[in-house]
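Residue numbers (the working numbering): 1 to 553.
Restraint ranges, calculated between C-beta atoms of paired labels, are given here:
1) Asp185 <-> Asp5: 18 to 28 Å
2) Ala68 <-> Pro548: 49 to 59 Å
3) Val210 <-> Glu262: 22 to 32 Å
4) Lys475 <-> Glu262: 44 to 54 Å
Straight-line C-alpha distance at most 16 Å; calculated EDC-like pairs for lysine to aspartate or glutamate:
5) Lys124 <-> Asp42
6) Lys24 <-> Glu58
7) Lys479 <-> Asp458
8) Lys24 <-> Glu132
9) Lys3 <-> Glu157
10) Lys475 <-> Glu536
11) Lys251 <-> Asp378
12) Lys144 <-> Glu157
13) Lys475 <-> Asp451
14) Lys444 <-> Asp546
15) Lys124 <-> Glu66
16) Lys124 <-> Glu140
17) Lys64 <-> Asp128
18) Lys288 <-> Asp176
19) Lys3 <-> Glu166
What the hints contain is simulated information worked out from the structure, not anything from laboratory work. Even for Gly, the Cβ is constructed at its ideal location relative to N, Cα and C.
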Amino acid sequence: MLKSDVAIIGGGPAGSTIGAFIKKYRPEMDVAIFERERFPRDHVGESHLPAISAILNEMGVWDKVEAADFPIKVGATFKWGSRNDLWHTDFLLAETFQDLPRPNTFQGQRTRTAFQVDRSIYDKILLDHALELGCKVFEETSVKSVVREGDRVTALEVDNGVGSVEARYFVDASGDSGLLRRAMDIPVDAPTALRNIAIYKYWQNAEWAVTLGRGATRIQIMSLGWGWMWFIPITPTRTSVGLVLPAGYYKEAGKSVSEIYEQAIREEPLIAGLLAEATPEPEITATKDWNFIADRLCGENWFLSGDCCGFADPILSAGMTLAHTSARKVAFTIMELERGEVDPAWLKFQYDDGHRAQIRHHMQFADFWYSSNGHFKDLKDYCREIADTAGVNLDPETAFQWLATGGFTIDEPGVAAALTYRVSGLKVLATNMGVAAPEWELTKTNSYKLDLTGVKKDVFARYLEGRVAKIPCLKRGPKILPIVDVFKHLLNALHRNTDSIKILEETVNAMATQDGIGMHDAPLLAIEGIEALLLEGWIKGTVNPDRPFIKVT
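Given the sequences, and given the hints that come with them, work out the whole structure.
Encoded structure:
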């Protein structure tokens, strides 16, 4: 028998992130991680978003990941939407990218970029880091059963000579296996019509579509008439190339996995050209990419983290971000529960409700991507079904409003962002997709007034330095407005002024003097904050003919 404070099923990024954070902030706690495979092993989910870099840095593992020489991701190139030309979404402008020596530190432009990782290397770095911090790591060790009493887990039955494992807290980080989730009879919901499969293999010495400085590039997302392909360099010489298509279309095609994969490459000239001199590795893999979300993510003494919580289509490159962010929240929640200073029910609700909302919002975004892609000429019925199921109206007058309905104020408290995109980025994205040319709401009016009808004061969780802090917020129905950072300054200004220009100026000055935000960044953050408050109905705008308007260029 083995006893531990925290027993984690799965040693992938979610499991190792939980273990690393607990050992960093509460080194006296005992953590055991059970991984059924022996690392290294391949796995999809290679494309990061910048939010992961900050988590890796806080874990103390960023330098190790940087030393592995993974390509730096500065953005993505798309053939998608109603446009026939290629377009980009970048984390920072390519022309501003500085060619700096590597390995480098987590500062400057590197805080705004991401990695493209070879999971066989990346996952081992993270698991080894958790081991170095003091976690007990058991590889090639499978959890055979979960012993429960009602909603409480009492033990795990583990092979490889371990036997029974007792713990104060249990975490399911087993990915799509969902071992503990299934044992606890947690239902899952598939709220969208997306039913895709992914087929992928790895290639050696493919040409990169773009190279910036020392090892920076963009991933390539290319539409076909019946699916789409990804092209992701994951080391200086190794590239992941995958195909995503509807499961129904694959079945009707009557072709083998290899045949339809090779057909996709032949039909996509850019990727075919990049692979012209490359050598494919022998193994080809197919996997199911069906959107789903678990009905709940925690119970009496257990938590779900990573892909077992839910899955959003890989078009968003969000899977690893959701895994790392959920793992961080689970670790911080467990440590807060151990302190006994905060209501356990509130802590669990904040994780469950908040993370499920993020998964649902990403699912909604995926529906938008598919139903607005004019390149899917052979999938019109499929896209129409997705749009009908999601309630997507692609009329230019309403498309952006729909895109923003998941909320701009809670994805990253204190920043006007949703789906890992800030407000300005979402507007550019919508334009590139060709479904709308969204105007800025704040340019239409110049007199603002808070609308607090039906608003209640509440508290909201913010996960900082190993703690779960209670921060004040306003709540109206499902909408939450954290009173922190730019939103706090905007609310203060709105209590004193109605003039849009004065509100903007006062907010920018407060961000600069109180938060240390540079004058290069503060104006856009404030403008995005005002736009979010207008879009979500926290403020109402009217026109005063004697006042100037805010202009956005």
